[in-house]
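So the sequence lines, in the order shown, correspond to chains A and B.
Just so we're aligned: 35 in this note's numbering is position 35 of the first sequence, and the numbers increase by one with no gaps anywhere.
Just so we're aligned: 110 in this note's numbering is position 110 of the second sequence, and the numbers increase by one with no gaps anywhere.
Please note: incorrect hints may appear among the correct ones.
Said to hold, decoys possible - Straight-line C-alpha distance at most 20 Å; calculated EDC-like pairs for lysine to aspartate or glutamate:
1. B:102 - A:52
2. B:102 - A:59
3. B:58 - B:85
As the list claims (entries may be wrong) - So, partial list: chain A residues that the calculated Cβ filter (under 8 Å) puts toward chain B:
4. 49
5. 53
6. 108
7. 110
8. 111
9. 112
10. 117
Because the hints were derived from the structure by calculation, they are not lab data.
Backbone N, C-alpha and C fix where the C-beta goes; we use that ideal spot for every residue, glycine too.
Listed below are the residues making up each chain.
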Amino acid sequence: GAVVSQHPSWVICKSGTSVKIECRSLDFQATTMFWYRQFPKQSLMLMATSNEGSKATYEQGVEKDKFLINHASLTLSTLTVTSAHPEDSSFYICSAREHRLPRRTDTQYFGPGTRLTVL
Amino acid sequence: AQSVTQLGSHVSVSEGALVLLRCNYSSSVPPYLFWYVQYPNQGLQLLLKYTSAATLVKGINGFEAEFKKSETSFHLTKPSAHMSDAAEYFCAVSVNTGTASKLTFGTGTRLQVTL
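Looking at chain A on its own, in the form it has when it is part of the complex (with noise of 0.2 Å):
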């Protein structure tokens, strides 16, 4: 159980354009998801929160208007890259919380990343 799919596992695109990184959960619903990035060899960094039927809430340093997350349902997260740059080159990673309480006690489950590379 538990398990957390991402789509596509990797990409490759052209700077200037948008990319879209799905994030599911397959067996449990999720009322949050995580977005993280991780730079080689590095710690995961996050970068929003999402609550399905609201709006994500952003890290600190994280542009909002780049990254766009959108939740839709308790089962699906995606986040969109707009115009994308080679410094956005990174590997993204979701996990989805099942809900339980307290909620610190939740457990992330995470999926397996997605790598995007921007020529």
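Go by the hints and put chain B onto chain A.
Positioned in the frame of chain A, the structure of chain B alone reads:
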């Protein structure tokens, strides 16, 4: 604010030897702590978590971790390393923001297992 510090960005052990990956936390409230493993080009897999129940937590793949409040530590151990344990390991603390809990990760420790 809560944070975690992982001592040692790279640890190398021989196959069959004890694995010890260190994690110290800082928290103004009782923390909830997690260990995740990441294999190359993959997402993170939960190894184990501490949520204020038993201080010795057993996880998957033979790993366990002990929460020590007096030392503010949550070190990850495994009695006998296997080649398949080679991966990146992240310690994380859950941060309660009121409306949602977020994970703050350590910088990671790369475990190398040699023959």
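Hint by hint, here is what the structure shows:
no.: 1; hint: B:102 - A:52; result: 16 Å, holds
no.: 2; hint: B:102 - A:59; result: 11 Å, holds
no.: 3; hint: B:58 - B:85; result: 16 Å, holds
no.: 4; hint: 49; result: 5 Å, holds
no.: 5; hint: 53; result: 14 Å, violated
no.: 6; hint: 108; result: 6 Å, holds
no.: 7; hint: 110; result: 4 Å, holds
no.: 8; hint: 111; result: 5 Å, holds
no.: 9; hint: 112; result: 4 Å, holds
no.: 10; hint: 117; result: 13 Å, violated
Checked against the numbered hints given earlier, the structure breaks hints 5, 10 and satisfies all the rest.
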